[in-house]
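Engineer: Given the sequences, and given the hints that come with them, work out the whole structure.
One-letter residues, chain by chain:
There are 2 protein chains.
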Amino acid sequence: MKTILTGLAALALAIPAHAQEQAATAPSPNEIVAAAAPDEWVRIAPEDLLVMTLAPDADGNARQVVIQLMPPPFSQGWVHNIRLFARSGWYDGISVNRVQDNYVVQWGDPNYDNPEATGAVKPLPEGLKVMGESDYKTNIIGDDLLKRSRMPDPYAGWTTFIEGWPVGAEIKTVHTRDYEAWPVHCYGMVGVGRNYSPDTGSGAELYTVIGHAPRHLDRNIALVGRVIEGMEHLSSLPRGKGELGFYADFEKDKRTPILSVRVASDIAQFPQPTFEYLNTESESFARYAAARANRRDAFFIVPAGGADICNIPVPVRRVVSE
Amino acid sequence: MKTILTGLAALALAIPAHAQEQAATAPSPNEIVAAAAPDEWVRIAPEDLLVMTLAPDADGNARQVVIQLMPPPFSQGWVHNIRLFARSGWYDGISVNRVQDNYVVQWGDPNYDNPEATGAVKPLPEGLKVMGESDYKTNIIGDDLLKRSRMPDPYAGWTTFIEGWPVGAEIKTVHTRDYEAWPVHCYGMVGVGRNYSPDTGSGAELYTVIGHAPRHLDRNIALVGRVIEGMEHLSSLPRGKGELGFYADFEKDKRTPILSVRVASDIAQFPQPTFEYLNTESESFARYAAARANRRDAFFIVPAGGADICNIPVPVRRVVSE
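Sequence lines, in order, name chains A and B. When we follow this note's numbering, the leftmost residue of the first sequence carries the number -16, and every step to the right adds one. When we follow this note's numbering, the leftmost residue of the second sequence carries the number -16, and every step to the right adds one.
Hints listed in this document are in silico derivations from the structure and should not be mistaken for laboratory results. Take the hints with a grain of salt, since some may be wrong.
Identical copies go unnamed one by one, so any copy, or any two together, can satisfy a pair.
Keeping only pairs whose Cα atoms sit at most 25 Å apart, straight-line, the calculated DMTMM-like set for lysine to aspartate or glutamate is [as the list claims (entries may be wrong)]:
#, residue 1, residue 2
1, Lys237, Asp42
2, Lys237, Glu153
3, Lys224, Asp40
4, Lys105, Asp232
5, Lys235, Asp40
6, Lys224, Glu14
7, Lys237, Asp75
8, Lys224, Glu259
9, Lys224, Asp280
Source: prediction; values computed, not measured.
Structural biologist: Next up, the structure:
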């Protein structure tokens, strides 16, 4: 087995020889992650992985996006629906219909809710759960959240990590230790498109964040997962010229077809895609988060003294069998 | 004269008829900006506008990016250099060499500091200022900063807006009211690539932020401006497969040529591009910022209660002459 680390690097040009010889004063966040012990990594259940295959790009290159679905207690009704959409083949043949710069990429049925549509709307599968606004957040009772390291946050409440996910939280009742917690809109997080409240969306329309964290959406839209591989296939798509970044009628050939979406545990082909995340309660994660907030590796002069939760992306790596 | 507003919109599908009839409970941030009085807008000096023309895209469409340079007191040595690079034609014929997902797009001389380069490094023009690490921030003395609305910030110090720019600030000496202030790394901000400290870069290599605000770079790299039009031509470029998102040797045809960079005041063609920003000390900006932090327009259920400075982009609009 070997592992490949994704993401995360410092801003520098190609490093000249004299700089490479300069000793770093402290390990970088990447070096801390690379040195994490094997038992600090947590395997992601194959049932929680979606493999989305886009049509090949203009040069014929394959494009695959892997999404990690959220574990309990968050958004499980929508996660149920999303597995149902995937397993019934409903997502096969839909497309990316919206790319709004510094905001979201959104995919779904191109004929749904589209005044310019010429085709029929795809009927939804049986067995979908109907979710409500109260499901955007979760009640958690106990001392557990109190023990975690909390980060100050310009938005309501405070932020922390729960089982590998960035969340906001707020105490509701002090004497019962009753909290509300909710996932937050960081880069690459995947959510459920909806119309005006009280509609909360079924999971037929999904989006991912491709810009600065739109945290005002927290507790207003359901988050169900995050892109853990192939994000660049979505974030580099041409921006739509229609309202809200939808592809306008004159450019509908820019819609990227989605050939298939599969739950990884249903894929017969060996090896199934396998991923791990760095346990957010591990010693290495704590050191990594502290280093993100206070960069002391060679490139840096002034450590920031803090970081917002979306600038501490949870390390995820693909496990490659040999 | 008429004006076109750029950017900023809510996450929604195409809006169905019944929802359009639903009255919004409060104006949206966009509606507040659209209703701002003409004298709340500030004309950007043509001397502070750079027009960067990229090679046409694969379909032959023109690609133009407009950058607003920072006014005093920030980063003026680098801004001097950048005008010098532009006016001497040095930037003409360089290319976009690095696109790292959720981080930066960087452009400069493709042969500089590139171990795989086959061409010669372009000699720098005469008259460049040599900048130091102390120039990443600015001393501001007086009561002025104290009077502004400050926002709490997970990073060091606090944040506010000065003359249309998002800045971090920190008090240095209480009795003299001596502050340090520095521009912050929001989406679309433009900075000066550098190697290891004490090098601070000349302005020959520039980058812009295409992901979540990398605020750990504040006070570690010089910020000199922001992209105010055509950001999508940079943010949607294919990500590089080399280290740090540089285009690797095998994909160097992906480098986007930069045909020219001109200071707007030097452009003979009429009309010169003209832009305005919403005065960050205006009443409308205060209402806009409050609405960004507490969305109460129709789509929203729970107002956030706050926002980080990079989630309050300063409205900028092109002024179109008729």
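Engineer: Indicate, hint by hint, whether the structure satisfies it.
Structural biologist: Against the structure, the hints:
{"no.": "1", "hint": "Lys237 <-> Asp42", "in the structure": "both (15 Å within a copy, 12 Å between copies)"}
{"no.": "2", "hint": "Lys237 <-> Glu153", "in the structure": "neither (42 Å within a copy, 47 Å between copies)"}
{"no.": "3", "hint": "Lys224 <-> Asp40", "in the structure": "both (20 Å within a copy, 16 Å between copies)"}
{"no.": "4", "hint": "Lys105 <-> Asp232", "in the structure": "within (19 Å within a copy, 45 Å between copies)"}
{"no.": "5", "hint": "Lys235 <-> Asp40", "in the structure": "both (16 Å within a copy, 18 Å between copies)"}
{"no.": "6", "hint": "Lys224 <-> Glu14", "in the structure": "between (41 Å within a copy, 20 Å between copies)"}
{"no.": "7", "hint": "Lys237 <-> Asp75", "in the structure": "within (18 Å within a copy, 31 Å between copies)"}
{"no.": "8", "hint": "Lys224 <-> Glu259", "in the structure": "between (38 Å within a copy, 22 Å between copies)"}
{"no.": "9", "hint": "Lys224 <-> Asp280", "in the structure": "between (42 Å within a copy, 24 Å between copies)"}
Checked against the numbered hints given earlier, the structure breaks only hint 2 and satisfies all the rest.
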